[in-house]
Every structure is written in C-alpha cells, then in structure tokens.
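Asks: Given the coordinates of chain A, assemble chains B and C onto it according to the supplied hints.
Residue numbers (the working numbering), protein chains in the order written: chain A, 1 to 257; chain B, 1 to 173; chain C, 1 to 173.
Be aware that one or more of the hints could be misleading.
Claimed, not checked - Far from chain C by the CB rule (all over 10 Å, computed), these chain A residues: (1) L42; (2) I45; (3) P56; (4) T90; (5) K93; (6) L96; (7) A112; (8) D160; (9) I161; (10) K162; (11) K167; (12) L171; (13) K204; (14) V209.
Claimed, not checked - Here are the simulated EDC-like cross-link-like pairs (lysine to aspartate or glutamate), alpha carbons at most 20 Å apart as the crow flies: (15) A:K204 <-> B:D138; (16) B:K142 <-> B:D30; (17) B:K142 <-> A:D241; (18) A:K123 <-> C:E110; (19) B:K158 <-> B:D138; (20) C:K89 <-> C:D111; (21) C:K158 <-> A:E33; (22) A:K123 <-> A:E33; (23) A:K205 <-> A:E237; (24) C:K27 <-> C:E40; (25) A:K167 <-> B:E51; (26) C:K69 <-> C:E171; (27) A:K123 <-> C:E40; (28) C:K89 <-> C:E40; (29) C:K151 <-> C:E51; (30) A:K47 <-> C:E171; (31) B:K27 <-> B:E51; (32) A:K175 <-> B:E166; (33) C:K78 <-> A:D140; (34) B:K78 <-> C:E6; (35) C:K86 <-> C:E73; (36) B:K69 <-> C:E171; (37) C:K48 <-> C:E6; (38) C:K101 <-> A:E120; (39) B:K158 <-> A:E219; (40) C:K48 <-> B:E51.
Simulated from the structure, these hints should not be mistaken for laboratory data. Computed from a predicted model, the values in this text were never measured in an experiment. Where a beta carbon is used, it is the ideal one built from N, C-alpha and C, also for glycine.
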Amino acid sequence: MTDITAIYNGKKISQIPEDLFIPPEYLRIILEEFEGPMDLLLYLIKKQNIDITDLPIFPITEQYMRYISIMEEMHFELASDYLVMASTLTEIKSKLLLPTEAEDEEEDDPRANLIKRLLEYQKYKNASEKLETLPRNFRDFYVVSNAVDSKESKIIETPDIKIDQLKVAFLEVLKRAEIFSTHNIQSETLSVRERMSLILSVLKKGDNVQFEKLFNLEEGRLGVIVTFLAILELVKESLIDIIQNESMSRVYIGLKS
Amino acid sequence: MNHTLENIIECLLLISDEPLSVNQILKILDDKTVTKKNIESSISNLNKIFENRAIHISHVASGYRFQAKPGLENYISKLKDKGTNKFSKAFLETISIIAYKQPVTRGDIEDIRGISVNANIIRTLLELEWIKVVGQRDTPGKPELFATTSKFLDYFDKNTLSDLPEISDVETL
Amino acid sequence: MNHTLENIIECLLLISDEPLSVNQILKILDDKTVTKKNIESSISNLNKIFENRAIHISHVASGYRFQAKPGLENYISKLKDKGTNKFSKAFLETISIIAYKQPVTRGDIEDIRGISVNANIIRTLLELEWIKVVGQRDTPGKPELFATTSKFLDYFDKNTLSDLPEISDVETL
Numbered sequence: 001m002t003d004i005t006a007i008y009n010g011k012k013i014s015q016i017p018e019d020l021f022i023p024p025e026y027l028r029i030i031l032e033e034f035e036g037p038m039d040l041l042l043y044l045i046k047k048q049n050i051d052i053t054d055l056p057i058f059p060i061t062e063q064y065m066r067y068i069s070i071m072e073e074m075h076f077e078l079a080s081d082y083l084v085m086a087s088t089l090t091e092i093k094s095k096l097l098l099p100t101e102a103e104d105e106e107e108d109d110p111r112a113n114l115i116k117r118l119l120e121y122q123k124y125k126n127a128s129e130k131l132e133t134l135p136r137n138f139r140d141f142y143v144v145s146n147a148v149d150s151k152e153s154k155i156i157e158t159p160d161i162k163i164d165q166l167k168v169a170f171l172e173v174l175k176r177a178e179i180f181s182t183h184n185i186q187s188e189t190l191s192v193r194e195r196m197s198l199i200l201s202v203l204k205k206g207d208n209v210q211f212e213k214l215f216n217l218e219e220g221r222l223g224v225i226v227t228f229l230a231i232l233e234l235v236k237e238s239l240i241d242i243i244q245n246e247s248m249s250r251v252y253i254g255l256k257s
Numbered sequence: 001m002n003h004t005l006e007n008i009i010e011c012l013l014l015i016s017d018e019p020l021s022v023n024q025i026l027k028i029l030d031d032k033t034v035t036k037k038n039i040e041s042s043i044s045n046l047n048k049i050f051e052n053r054a055i056h057i058s059h060v061a062s063g064y065r066f067q068a069k070p071g072l073e074n075y076i077s078k079l080k081d082k083g084t085n086k087f088s089k090a091f092l093e094t095i096s097i098i099a100y101k102q103p104v105t106r107g108d109i110e111d112i113r114g115i116s117v118n119a120n121i122i123r124t125l126l127e128l129e130w131i132k133v134v135g136q137r138d139t140p141g142k143p144e145l146f147a148t149t150s151k152f153l154d155y156f157d158k159n160t161l162s163d164l165p166e167i168s169d170v171e172t173l
Numbered sequence: 001m002n003h004t005l006e007n008i009i010e011c012l013l014l015i016s017d018e019p020l021s022v023n024q025i026l027k028i029l030d031d032k033t034v035t036k037k038n039i040e041s042s043i044s045n046l047n048k049i050f051e052n053r054a055i056h057i058s059h060v061a062s063g064y065r066f067q068a069k070p071g072l073e074n075y076i077s078k079l080k081d082k083g084t085n086k087f088s089k090a091f092l093e094t095i096s097i098i099a100y101k102q103p104v105t106r107g108d109i110e111d112i113r114g115i116s117v118n119a120n121i122i123r124t125l126l127e128l129e130w131i132k133v134v135g136q137r138d139t140p141g142k143p144e145l146f147a148t149t150s151k152f153l154d155y156f157d158k159n160t161l162s163d164l165p166e167i168s169d170v171e172t173l
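In isolation and in its complexed conformation, chain A is listed as follows:
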C-alpha cells in the first residue's frame, strides 16, 4: 500500500497526510484502496518501517482504531471485517498487559498468530502482483482461430434466442464488470444509443452534415431531444466534431478527423 495514487481536485495524492486531519473526500479515496483490514494493517506496519516479528502492538492498535473511528464518523460503509480485526488487536493488547509466566513467554506470544497471518497475506499479495505481470491472451499474445471453412457461402444457422435472455445476459455482464477496474458503464436510454449508431452511419468521412439535417421534425419534440442527446453523447465519446466557422454561421457535424 505504499504507492497509493489518488487524484483529488487535480492534485495527486500519494501519501496519507501525516497529521490525522484528513478531509473526508481524501480519506474515502484512500480507504477504498485497501483490500481489507489485513491490507490496512500491513500498510500501517510498513509505514513505520518496523520489524514485523517485533510487532509493536500498542501504537499499531492505536492507529488502526483511529482509522476505524474516522471511518465510522464518516459513515463510511465499514465492513464488519474491520471491526473483527479491531477486537483481535484489542484482545492481543490486553493479553500483553497481563502478567505472564516468564518461562514460556516465547511460545505464548499473543501476537504470534497475527504476525503469521500478516506474513501469509503478504505472500499471496506478492503472488497476485506476479500474476498481474504474466502475459495474457489477447493483450500480450494472440491466438489464431480464424482460418475459415473452405465452403464459400455457408448457411448460417440463426440462433434461437429469446429477448429476455438478452436482458439477463446484459445484467450478468454488468455485475461482472464491477470486478474489473473499468467502471464507465452506465446505461443511457436505448433510444439515445440507437440514434448514436444511426448518426454515425449517416456521417461519412470528410463529409460534414448540417446540424439541422440530423433532425427529423416529424418525430416531434421527443425525437428532437433524443437526437440532440445522441449528438452530445457522441461528442463526449469523441466520435464526432461540431464545426462552426464563425459565430452565428451554420453548424456542421462531422466524423472526428
């Protein structure tokens, strides 16, 4: 967790500010970076640059609790797992405070189990970083499966799909997409998406079309709005350019050159 990078108000943040006043927006971004209580603990330990086998449970517990209380104050959706870790830490702390019999101090170090778990977690964290660097199909290497059948005009069998299956498949895909880092999946209304496809197919390379020509007034007010939204969406996705040579002159729409 040493290389958190977040951008807030255009500023790059790579470190949690040392003083504990953290503007809530910063904190939210930072906390979302943690993969759970183990990850947060590892971060706190690494930040102190201490030997894990000599885990200083008191300061670490204190810092951990401070994070937790800030998270609670902010009504940050706090996974119960964070609280479980808090109670584990408190338990270890209280055990350390109790007088122990000198002989089997080593054996009964209440921290031992936590240290073991932290090291175990670090091991798989390392593994996941290694896995991420492996070559991947279609990104780093390419599989050939495209040579076609010798028959020139094969009859394509039409699939047997019910319309509801489309919806179910799309919903499943959306759920899955949450797991991958791209989050830009919102569903605009379909009429807008459809109009976007239509506008693109009307436009030809290097041939600009008058803005007004894209509208069909017979469609009424709603149709005009849909077309307008589609144009805006296409601009946002940088697929088209809006061109106006001087103010008050005609507006043209063209494919992004």
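Replies: Just chains B and C, lined up with the frame of chain A:
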C-alpha cells in the same frame, strides 16, 4: 526473430476476423517503401509456401483471407459439432453488450466482459447481419464501432431499440 | 488434394476456437490406426515446418493451439484494439490464493485476506471457467473446495500450475 513482409502479412491475415484488402494492409504496415505490388507478390509467394499446407489465401470480395483447402470438410464439421457453443453464453453476452451499449468497439466489449472476445462470435454476428460497422473510434488502431441492425430487431419482432427490455438502475446494483 | 495427418491436425488447430488436446484430435480423426504418439510427432513436425512462418503451435494446459510468434504485436495492435483486461486487486488476490493454495474454500480465502469474499468475484471466476468446484471439505457446512482449471492456465499461456511464477514464504515485510 526478424519478421519478413511475408510473415507480417501472414500473421495479419491469420489474426484478422475479416478479409483484409491490400489497402488495409498498407495502412497497417505504415511503411512508404512498401507498394501494392509488394503486397500482392508477397501474397502469391505465401500461397506457394503454403502449397503443402492445409490452408491457403483466397481472394474474396473484400480482400484476402486464409481458408481451409477442400477435402477437410469432414473433420471440420466434426470439430464444429462438438465444440459448438456457438450460441453460447459468450455469444449472448456479446450481442447484449452491443445492443445496450452501442456503438461499441471490440475493446469496449472486452473491458466490460473482462475477457477477450471470440473472433468467431463477431464474425457470426456480422454474417447474420445482426450487427454492422458504423464507424471507427478516433483512437490508436482506429477500432471499428459496432451497432445492431434492423435485422436484429426484426428477429425479436421489435421496431426500435427502445422496445428491448429496459434495464433499470436498481437492477444493475 | 490428399491430406496428410499433419494437414488435418494443422487445419483443426487453425479452425478451433479452443485449444485441442491429443484425445480430442483422436476422437475427431476416428481412425484406429492413429496413435497418440503419431499426433504428438505430427505436431512437433508442424512446428518445424512453421519455423519460418509467423505462427507456431503452443502447448497450453488444455491442449495445442496456434499463436502468433512474438515480435508482431505492433502490427496486430493496429489491426485490433487490445482489451485492457485490468483486474481489480480483490480479483487478483482471490484467484492467486485459489491458484497457489488449491483446493481452498471460500472461508480459507477469507481467513487469508481478512475480509469476506465478494460473491461476484467467485461467480465471475466460475463463469469464466477459471475455477471449478472439485469437492467439499468434510467440515460442518460442507463448504465447496475450489481449484483452478486448464482454461485459467490457457489464458496466461501456461501448461501446468508449476509454470506459474514461484512464490516463497515471506519472513519479513
């Protein structure tokens, strides 16, 4: 390994989902010293090299592509019968993304599904004329943008895309 | 044209969407005179024949497939926009634990990560067929045991689990 012009053309034709024209190949090569003639003679050289192989380059309307040579149909059909998850989950997901998120590129579909798109699925969709290319995104590689067609809507007996089942925000959570 | 065994295998591998195992090829051939050894030696012959070509046969977990040789990515990326396929950290950690510690239960993963497992991640891994249920642990609740599949290895171009990067126990941070 240093790749020859032939190697590059061979690779492009094998990886492309669609036949490639000489112009398309020239564009990808982006090398002013290579002429149309070079490409054409490389292709005919490749066909000589592949003389004893199971595939050859054939010239179809929209360009060149590799095809299996005659005489192997029996084996191919056995392969296709077995592994036919042609209208599989992947197929459904791909067409649903194109329908609901159009216009999209192959990369968009991959980003959403988190896994590479099977070339055969795109090809089948194009052959069915359920989707068509409506343009190219202005990013490196100029990827093609896919959208659904009226034939796709016809199949489901719908008039417009907005007649497809609605996806509400609640469901996506 | 009379096709040799090599031609047939070549054609099947070029057309199949998925890698083909020796057994699958044998089944398609449906010829009792052909042995596993014949198939294997044909494949290695084919790789010799394709030595100067742009593609080669690679052996991944679920079988053999043709792949473009390294060094051509530049041209391919102009033909196709590559997917980013960026995985979240939670996803990578979960699949790493399953890969390196298999068979594991959901509870095992939770113990290591200290946080409950996102149900969507497990579902996605099952849908991608990167993991499968290989049994149940004989403890209360009979939790399912997950293991990785050959498809997972295929994706990373690996043949066996031991081809994955080695990891060692961590002593200090």
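Asks: Against this structure, judge whether each hint is valid.
Replies: Tested hints:
1. L42: For L42 of chain A, whose nearest Cβ neighbour in chain C is about 7 Å away, the distance does not exceed 10 Å, so it is violated.
2. I45: violated (6 Å)
3. P56: The claim holds: P56 of chain A sits with its nearest Cβ about 13 Å from chain C, beyond 10 Å.
4. T90: holds (16 Å)
5. K93: About 18 Å separates K93 of chain A from the closest Cβ of chain C, which puts it past 10 Å; holds.
6. L96: holds (21 Å)
7. A112: holds (14 Å)
8. D160: Holds, because the least Cβ-Cβ distance between D160 of chain A and chain C comes to about 20 Å, which exceeds 10 Å.
9. I161: holds (18 Å)
10. K162: Per Cβ check, K162 of chain A is outside 10 Å of chain C; nearest 20 Å; holds.
11. K167: holds (17 Å)
12. L171: Given that every Cβ of chain C is farther than 10 Å from that of L171 of chain A, nearest at about 12 Å, it holds.
13. K204: The assertion about K204 of chain A holds, with a minimum of 22 Å to chain C.
14. V209: Label holds. Min Cβ-Cβ 26 Å, cutoff 10 Å.
15. A:K204 <-> B:D138: The hint holds at about 14 Å.
16. B:K142 <-> B:D30: Given that 20 Å is the threshold and the Cα spacing comes to 14 Å, the pair holds.
17. B:K142 <-> A:D241: holds (16 Å)
18. A:K123 <-> C:E110: holds (15 Å)
19. B:K158 <-> B:D138: violated (32 Å)
20. C:K89 <-> C:D111: holds (17 Å)
21. C:K158 <-> A:E33: Distance ~30 Å between K158 of chain C and E33 of chain A Cα, so the pair is violated.
22. A:K123 <-> A:E33: holds (19 Å)
23. A:K205 <-> A:E237: holds (17 Å)
24. C:K27 <-> C:E40: Holds, at roughly 14 Å.
25. A:K167 <-> B:E51: violated (48 Å)
26. C:K69 <-> C:E171: violated (40 Å)
27. A:K123 <-> C:E40: Between K123 of chain A and E40 of chain C the Cα gap is close to 38 Å, so the pair fails against 20 Å, i.e. violated.
28. C:K89 <-> C:E40: With a Cα-Cα distance of about 39 Å, the restraint between K89 of chain C and E40 of chain C is violated, given a limit of 20 Å.
29. C:K151 <-> C:E51: Roughly 27 Å between the alpha carbons, so the hint for K151 of chain C and E51 of chain C is violated.
30. A:K47 <-> C:E171: holds (17 Å)
31. B:K27 <-> B:E51: Roughly 28 Å separates the two Cα atoms, so the pair is violated.
32. A:K175 <-> B:E166: holds (16 Å)
33. C:K78 <-> A:D140: holds (14 Å)
34. B:K78 <-> C:E6: holds (17 Å)
35. C:K86 <-> C:E73: Holds, at about 19 Å.
36. B:K69 <-> C:E171: The given pair, whose Cα atoms are some 59 Å apart, is violated under the 20 Å limit.
37. C:K48 <-> C:E6: Holds: K48 of chain C and E6 of chain C sit about 12 Å apart, inside 20 Å.
38. C:K101 <-> A:E120: The hint holds at about 11 Å.
39. B:K158 <-> A:E219: Within the cut-off at roughly 18 Å; holds.
40. C:K48 <-> B:E51: holds (16 Å)
Of the hints listed earlier, those the structure fails to meet are numbers 1, 2, 19, 21, 25, 26, 27, 28, 29, 31, 36, in rising order.
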